[in-house]
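Mind docking chain B on chain A? Use the hints.
Chain by chain, the residues:
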Amino acid sequence: MSEIPMTYVLFVSFALFFIGAYGFLTRRNMITMLMAVELMLNAVNINFVAFNKYLFPEKGDGVFFTIFIITIAAAEAAVAIAIIINIYRKFKSIDSEDADTLKW
Amino acid sequence: MIIVFGILAVTTKKIFHAAVYLLFTLINVAALYFCLNYEFLAAVQIVVYVGGIVVLILFSLFLTHRVSDDMLTPPWYRMVFAMLLCVFGFGFAFFLVIVHNFPEVTNTPIEISVHYIGRQMLNYGSGGYVLPFEVVSILLLAALIGSIAIAFKTKKNV
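Going line by line, the protein sequences match chains A and B.
For what it's worth, my numbering labels the leading residue of the first sequence as 37, then goes sequentially.
For what it's worth, my numbering labels the leading residue of the second sequence as 154, then goes sequentially.
It cannot be assumed that every hint is accurate.
As the list claims (entries may be wrong) - Partial list, derived from the structure: chain A residues whose beta carbon lies under 8 Å from chain B:
#1 Phe-47
#2 Ala-109
#3 Ile-119
Unchecked claim - Pair by pair, the computed Cβ-Cβ distance ranges are:
#4 B:Val-283 x A:Pro-93: 21 to 27 Å
#5 A:Leu-91 x B:Phe-215: 41 to 47 Å
#6 A:Val-115 x B:Ala-196: 46 to 52 Å
#7 A:Met-42 x B:Ser-266: 19 to 25 Å
#8 B:Val-267 x A:Phe-92: 17 to 23 Å
#9 B:Ala-302 x A:Ser-132: 21 to 27 Å
#10 A:Asn-122 x B:His-253: 42 to 48 Å
#11 A:Pro-41 x B:Phe-215: 38 to 44 Å
#12 B:Ala-196 x A:Lys-95: 42 to 48 Å
#13 B:Val-283 x A:Lys-128: 43 to 49 Å
If you're looking for bench data, these hints aren't it; they were derived computationally from the structure.
A virtual CB, placed ideally from N, CA and C, is assigned to each residue, including glycine.
Isolated chain A, as found in the complex (with noise of 0.2 Å):
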């Protein structure tokens, strides 16, 4: 099963990081953002595996970092989650143009 070229791992893993990007840049709901950052952290961590499996497959710092970017994201969601909810409950929404309080 390694006769993927890398070159391929590397092309779905850049569309998946701009589809990503995309996704962040027009919507303007909390959770839909939420869920475009979590495609790039996948693009991340698609690109940290094929160049550790490609590049250097005596090491495996790749899959270290890429365990670790997994765990940062947990966290992350689960406080973006916590801030997402708390937002709603002020403002009855959470559609980012609405919070609006620290515009000036």
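Just chain B now, with coordinates in the frame of chain A:
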């Protein structure tokens, strides 16, 4: 498959459908890890993302939305500019990948087993990862306490 579901996840109008498409995207990423012979990573991906983050997102959806509602479509200028930015960014980055020729690898690959990962994770010699391991554990604890504190404060105010 990953790309198709990813595109669906950011363009669908129903927010609940977006969450389900995100789920399928993450499962496909796990399948990609399987194809690259990283079984442990695929297992972690399924457990943490599919089992944890997607369920968390779905719960917050149910807490904040009526799921049958449509989302507003973004204004066309924002869609066009974001599309242009992403297409050009993707083209540029992938062009760099194609032009750059990677060196041939001659090192013998090692088996990334669970045993190896555990040994390296707690190894404090060279190439060990014990310091980031501890830092990440502190970060997880801080995130846990922080989210509890955020939720708790509103309950007292309301």
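Hints versus structure:
{"no.": "1", "hint": "Phe-47", "result": "holds (6 Å)"}
{"no.": "2", "hint": "Ala-109", "result": "holds (7 Å)"}
{"no.": "3", "hint": "Ile-119", "result": "holds (6 Å)"}
{"no.": "4", "hint": "B:Val-283 x A:Pro-93: 21 to 27 Å", "result": "holds (24 Å)"}
{"no.": "5", "hint": "A:Leu-91 x B:Phe-215: 41 to 47 Å", "result": "holds (43 Å)"}
{"no.": "6", "hint": "A:Val-115 x B:Ala-196: 46 to 52 Å", "result": "violated (25 Å)"}
{"no.": "7", "hint": "A:Met-42 x B:Ser-266: 19 to 25 Å", "result": "holds (23 Å)"}
{"no.": "8", "hint": "B:Val-267 x A:Phe-92: 17 to 23 Å", "result": "holds (20 Å)"}
{"no.": "9", "hint": "B:Ala-302 x A:Ser-132: 21 to 27 Å", "result": "holds (23 Å)"}
{"no.": "10", "hint": "A:Asn-122 x B:His-253: 42 to 48 Å", "result": "holds (45 Å)"}
{"no.": "11", "hint": "A:Pro-41 x B:Phe-215: 38 to 44 Å", "result": "holds (42 Å)"}
{"no.": "12", "hint": "B:Ala-196 x A:Lys-95: 42 to 48 Å", "result": "violated (21 Å)"}
{"no.": "13", "hint": "B:Val-283 x A:Lys-128: 43 to 49 Å", "result": "holds (46 Å)"}
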